[in-house]
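The lines below spell out each chain.
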Amino acid sequence: MSRSGEELTVADREATAREATEPARVAESPTPREAIFEVDDVSVFYGDKRAIRNVTLDLHRHEITALIGPSGCGKSTFIRCLNRMNDLIPSARVEGTIGYHGENLYDASIDPVQVRKRIGMVFQKPNPFPKSIYDNIAFGPRVMGMKGDMDEIVEGALRRGALWDEVKDRLKTNAFGMSGGQQQRLCIARALATAPDVLLMDEPCSALDPISTGRIEDLMMELKRDYSIVIVTHNMQQAARVSDMTAFFTVELDDDGSDRTGAVVEYDATGKIFTNPEDKRTEDYVTGKVG
Amino acid sequence: MTGAQIAARAAGGTSVIPRASGRQRFAELAFRALLLGAVGVGVLALGVLLYDVAADGLPKLSTDFLTKFPSRIIPANSGVQSALVGTLYLMVITTVFVVPLGVATAVYLEEYADRNRWWNRMIEVNIQNLAAVPSVVYGILGLAFIVRGPLSIGNVLLAGGLTLGLLVLPVVIIVAREAIRAVPPSIREGSLALGATQWQTIWKQVLPGSIAGIATGVILALSRAIGETAPLLVIGAAASPRFNPDGLLSDFTALPIQIFVWVQDPNREFVSLAAAAIVVLMVVLLLMNSIAIFLRNRYEQKW
Chain B
6 MSRSGEELTV ADREATAREA TEPARVAESP TPREAIFEVD DVSVFYGDKR
56 AIRNVTLDLH RHEITALIGP SGCGKSTFIR CLNRMNDLIP SARVEGTIGY
106 HGENLYDASI DPVQVRKRIG MVFQKPNPFP KSIYDNIAFG PRVMGMKGDM
156 DEIVEGALRR GALWDEVKDR LKTNAFGMSG GQQQRLCIAR ALATAPDVLL
206 MDEPCSALDP ISTGRIEDLM MELKRDYSIV IVTHNMQQAA RVSDMTAFFT
256 VELDDDGSDR TGAVVEYDAT GKIFTNPEDK RTEDYVTGKV G
Chain Y
63 MTGAQIAARA AGGTSVIPRA SGRQRFAELA FRALLLGAVG VGVLALGVLL
113 YDVAADGLPK LSTDFLTKFP SRIIPANSGV QSALVGTLYL MVITTVFVVP
163 LGVATAVYLE EYADRNRWWN RMIEVNIQNL AAVPSVVYGI LGLAFIVRGP
213 LSIGNVLLAG GLTLGLLVLP VVIIVAREAI RAVPPSIREG SLALGATQWQ
263 TIWKQVLPGS IAGIATGVIL ALSRAIGETA PLLVIGAAAS PRFNPDGLLS
313 DFTALPIQIF VWVQDPNREF VSLAAAAIVV LMVVLLLMNS IAIFLRNRYE
363 QKW
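Those protein sequence lines, which keep their order, are chains B and Y.
The first sequence maps to residues 6 to 296 in our numbering.
The second sequence maps to residues 63 to 365 in our numbering.
None of these hints come from the bench; they were simulated from the model.
Being a predicted model, the structure only gives us computed values, none of them experimental.
Virtual Cβ for every residue (Gly too), placed ideally from N, Cα, C.
Incorrect hints may have been included.
[Unchecked claim] Computed far set for chain B versus chain Y, every beta-carbon distance over 10 Å:
| no. | residue |
| --- | --- |
| 1 | R55 |
| 2 | S76 |
| 3 | E222 |
| 4 | R265 |
| 5 | K277 |
[Claimed, not checked] With a straight-line Cα cutoff of 25 Å, these simulated SDA-like cross-link-like pairs (lysine to any residue) come out:
| no. | chain 1 | residue 1 | chain 2 | residue 2 |
| --- | --- | --- | --- | --- |
| 6 | Y | K266 | B | P95 |
| 7 | B | K177 | Y | P270 |
| 8 | Y | K266 | B | N59 |
| 9 | B | K54 | Y | R177 |
| 10 | B | K136 | Y | R177 |
| 11 | B | K136 | Y | E172 |
| 12 | Y | K266 | B | G182 |
| 13 | Y | K364 | B | K152 |
| 14 | B | K152 | Y | T263 |
| 15 | B | K130 | Y | I249 |
| 16 | Y | K266 | B | I158 |
Take the sequences, apply the hints, and build the full model.
What follows is the structure in structure tokens.
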């Protein structure tokens with residue numbers, strides 16, 4: 006994995022951005038390149054079939070990391086390893102280690118429920134619960150047994166999700182009555198209500214129109230001051246616009262062409278991936294020659 | 063072309079669109095008539111049956127008929143109180159017995175069971191089969207295990223309720239599973255991703271999302287149980303008792319049993335009482351089904 010001068014500028018830019026918007030945070034904020042996930046040689050199997058192989062990369066705190074690549078290359082499989090959602094598929098098996106703040110997420114003593122309380126997730130299709138807007142947000146804090154004024158928690162989450170002004174007068178109405186873009190921001194706000202420190206987003210804008218997509222991108226830029234974000238996207242402009250680091254995944258066929266396995270081709274600062282990638286396959290993909 | 067020109071051209075008989083032949087039109091019509099005929103046979107049979115029952119039974123219906131106990135001797139002094147009360151008690155016992163058991167089984171099969179394990183697949187297949195077992199067989203089961211045998215509680219109300227419960231349990235499991243399966247996986251994922259445990263996800267998301275479907279299914283299953291005669295005859299429901307059941311371990315009868323007793327009577331007067339009792343049973347049945355339809359329309363979750 007190459008660490009170039011580009012990376013430094015990204016870090017600098019981010020630090021400057023933080024300073025400009027919230028000077029008080031700088032002193033207490035950790036060094037900009039602190040790794041939050043250290044993924045080491047991770048392979049995922051569904052039964053006998055290997056879905057991704059030997060992924061090794063570090064994901065950094067207060068950055069947006071984009072995972073790009075063609076369909077079926079294992080981006081979603083990978084992101085679902087980070088909060089142990091793959092545990093829900095009985096045949097799925099994860100090899101290798103994923104360090105999270107220095108602890109192995111896949112250690113036998115780790116309870117996946119506790120992992121998911123710290124690592125929130127937003128899905129491709131907005132999936133609000135068939136309840137009121139208020140109850141959607143309050144669900145996470147309630148199951149966690151969070152103490153404090155629930156109204157305040159709900160308002161805070163909706164504000165962070167850039168939804169408060171639109172819904173403050175109809176908190177008790179059913180979330181199914183919202184537009185798709187609002188529903189997705191509700192799902193983001195819902196994930197934020199439990200105060201996670203990482204937000205995983207699996208193609209969060211693929212079901213949304215460009216205006217809603219723009220709002221969610223703005224929101225992500227806001228959120229990275231407080232959270233670390235990992236996003237899977239098929240939209241390369243989106244990756245280029247919002248992310249600090251980009252990992253390019255691809256599908257590799259084995260010798261007889263029968264098995265398809267996802268693997269990381271290149272992982273680097275977003276600017277480098279999109280302007281001066283090391284690998285020919287990355288270049289072909291980001292310039293639209295393949296995929 | 064103006065409308066007049068188009069009309070003139072159509073009259074001239076030149077066209078690029080081929081018209082349907084008389085034969086094709088006839089085939090279409092004949093097929094529709096055939097389908098309508100099939101519907102007609104069923105509706106007509108039901109209509110005749112209802113008319114026949116109503117014509118015989120309605121003149122006998124009165125408040126007295128509902129409040130009096132059956133008499134063996136004087137038809138005019140006969141009523142269905144003990145049968146109606148018995149049927150209502152039976153339904154309550156059956157519901158209390160079958161809902162927790164059926165829903166718990168459905169939750170296990172849908173949310174916990176690993177379908178790759180042979181024993182889970184075997185349970186599934188057996189539940190499907192049990193739903194198709196003739197009701198008299200459940201009567202024999204009730205007689206051997208509840209009335210006599212291990213439980214030996216005698217031919218009492220509780221035995222009747224439990225036997226009917228066993229009869230509809232497979233149906234309740236199947237409808238509850240369908241209702242649970244209708245809750246999309248994305249709801250479970252959303253809940254689990256927020257750090258809810260599997261149990262919290264089931265209790266706070268899956269069950270509330272499927273409760274209307276479960277309730278509707280349970281009521282429809284009960285409306286099967288309410289008309290069952292054979293199992294109650296086998297376990298030994300009382301014939302024309304002149305008292306209501308006064309507890310779970312009391313003798314009992316039910317509407318279908320009372321109807322069965324009356325139609326067998328050589329006295330024609332008693333036979334028309336059976337028709338009146340059928341009307342009562344049908345009204346109870348219709349009420350239950352309307353509740354089911356109401357629940358479905360009012361509370362069913364659209365995903």
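Outcome of the hint check:
| no. | hint | result |
| --- | --- | --- |
| 1 | R55 | 19 Å, holds |
| 2 | S76 | 19 Å, holds |
| 3 | E222 | 21 Å, holds |
| 4 | R265 | 23 Å, holds |
| 5 | K277 | 32 Å, holds |
| 6 | Y:K266 <-> B:P95 | 23 Å, holds |
| 7 | B:K177 <-> Y:P270 | 17 Å, holds |
| 8 | Y:K266 <-> B:N59 | 38 Å, violated |
| 9 | B:K54 <-> Y:R177 | 19 Å, holds |
| 10 | B:K136 <-> Y:R177 | 31 Å, violated |
| 11 | B:K136 <-> Y:E172 | 23 Å, holds |
| 12 | Y:K266 <-> B:G182 | 21 Å, holds |
| 13 | Y:K364 <-> B:K152 | 33 Å, violated |
| 14 | B:K152 <-> Y:T263 | 20 Å, holds |
| 15 | B:K130 <-> Y:I249 | 11 Å, holds |
| 16 | Y:K266 <-> B:I158 | 20 Å, holds |
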